[in-house]
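Engineer: Chains as they are written, first to last, in our numbering: chain A, 5 to 57; chain B, 1122 to 1297; chain C, 12 to 261.
These are calculated hints, taken from the structure and not from any lab test. Where hints are given, some of them may not hold.
[Said to hold, decoys possible] Now the stretches of chain C that chain A is said to cover, found in silico as 3 or more residues with beta-carbon under 8 Å:
hint	stretch
1	55-66
2	69-75
3	92-98
4	107-121
5	232-245
6	252-258
Just so you know, these numbers come straight off a predicted model, no measurement behind them. Backbone N, C-alpha and C fix where the C-beta goes; we use that ideal spot for every residue, glycine too.
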Amino acid sequence: MKEFFAMGGYALYVWGSFAMTALLMIVEPILLRRRKQAALARIRRIARLQQQR
Amino acid sequence: MKARHKRLGFLTIGIVALGLSTWLVVNALGSNLSYFFSPSEVAEGAAPSERIFRLGGLVKPDSVERGEELLVRFQVTDHAHDVTVVYSGILPDLFAEGQGVVAQGRLNEQGQFVAERVLAKHDENYMAPEVKEALARAHADGVAQEASTYAAAESSGSYSSRGGESGAYSTSGVTQ
Amino acid sequence: MSSRLVNWFKFSSPSTFYPLAGKIGFWSMVVTVVLLAVGLYMSFFVAPTDYKQGEGYRIIYVHVPAAWMSMFLYVLMAGWAALGLVFNTRLSAMMASALAPTGASMAFIALWTGAFWGKPMWGAWWVWDARLTSELILLFLYLGFIALQSAIDDPRRADRACAVLAIVGVVNVPIIYYSVIWWNTLHQGATIQIRGESSMDPLMLTTLLIMTLAFWAYCIAVAMARVRSIILERERETTWVGEMVKEGRA
Chain A
5 MKEFFAMGGY ALYVWGSFAM TALLMIVEPI LLRRRKQAAL ARIRRIARLQ
55 QQR
Chain B
1122 MKARHKRLGF LTIGIVALGL STWLVVNALG SNLSYFFSPS EVAEGAAPSE
1172 RIFRLGGLVK PDSVERGEEL LVRFQVTDHA HDVTVVYSGI LPDLFAEGQG
1222 VVAQGRLNEQ GQFVAERVLA KHDENYMAPE VKEALARAHA DGVAQEASTY
1272 AAAESSGSYS SRGGESGAYS TSGVTQ
Chain C
12 MSSRLVNWFK FSSPSTFYPL AGKIGFWSMV VTVVLLAVGL YMSFFVAPTD
62 YKQGEGYRII YVHVPAAWMS MFLYVLMAGW AALGLVFNTR LSAMMASALA
112 PTGASMAFIA LWTGAFWGKP MWGAWWVWDA RLTSELILLF LYLGFIALQS
162 AIDDPRRADR ACAVLAIVGV VNVPIIYYSV IWWNTLHQGA TIQIRGESSM
212 DPLMLTTLLI MTLAFWAYCI AVAMARVRSI ILERERETTW VGEMVKEGRA
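For reference, chain A alone in the conformation it holds in the complex (with noise of 0.2 Å):
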């Protein structure tokens, strides 16, 4: 196991790159889900001003 996460004396490197990719991969979806749910609640805002006029 230990061996495993050594990667032959290219932790660093090879550790380095796939935590990079993976940071970014899973930091998209949720900035977009967020995205989303900021654009619904303005819809929503949106129609009730509306109706209360």
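Following the hints, put chains B and C in place on chain A, whose structure we already have.
Structural biologist: For chains B and C alone, kept in the frame of chain A given last:
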């Protein structure tokens, strides 16, 4: 003619013009965009003699001599010409005889290349160590055949333009 | 007008495309998770060690798919932008805008993993050779597209300006691809050949192709999610969006 067709026409003309101008620019810049000069280019005097440039090719087998401390002397070849390189410092992991190398530095009066930095250039072949061993055995059996493919690779100029080891593993039938 | 043409234009309407994009996005995400699980397992446990670069070569399984996607997405983005410019369809420009951030992310991954690969193998994090420089320009083109989009308030005008930038920048893509052939570079030549033999172990090649498909699926999934948000933002005052949100179908 509809406005849509007109826009399409302008767009096509624009793209063609742009493509053409890029092609011209790329052509004009030519070798200036290249990262290194080959030993043949150095021999022809195409490389700058006064300022720093990069030299690329293969480390000639059996040419590496290690001196005091980190001093190392080796020859860079493209199978047509050789240039002697003198370097003092740490070499990258992939530095080895017969492997691709790019050195940065300048020529001295004796025509030796004094390098300040040495980078390793690897080729586009990826295989398992066992396959490599099998390939080496096959190579021993077919040296004559190998020699002919070498000559072909060299005459086609693939050597100097790629700077890799294109000819070295032409028995790629083994790797499929 | 032929029936094929009518069918085609039906999906260029945001109201019909919105639910379709939802379905495509969902299934692409499912495919992404499955392919990434298989691909990552193969990357670390099935693909053999390289004869020269040892375990360090495994960076290829994220580096190459990301680099390919960064180029494909750019061509796709420019294509949608050109369509929007010519036919003046709303959805085409939205598709182009939806692809830009993902493309930028892919270009960044390609450069980052490239640096982490170059340091141990070449001996340098970065060199100004033709391949690396042209890929960096690609990242800047994506960032320029995003910046231009947000700098112009009127979205329709922003679309047109961005379309011009995207189309002009497309010349960079063949330059990236052929840079290793046209000039001497420190970067290696192409391992995977479209025509002719690839110089790679079959198991390594299979792993690389699975990872590439996973990246494809991922890019489709996030682009679909983003285009849905863009549709909601831009069409928020239309009745179809209002009704859809009220009925909880969004």
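Engineer: Where does the structure disagree with the numbered hints, that is, which hint numbers, in rising order?
Structural biologist: 3
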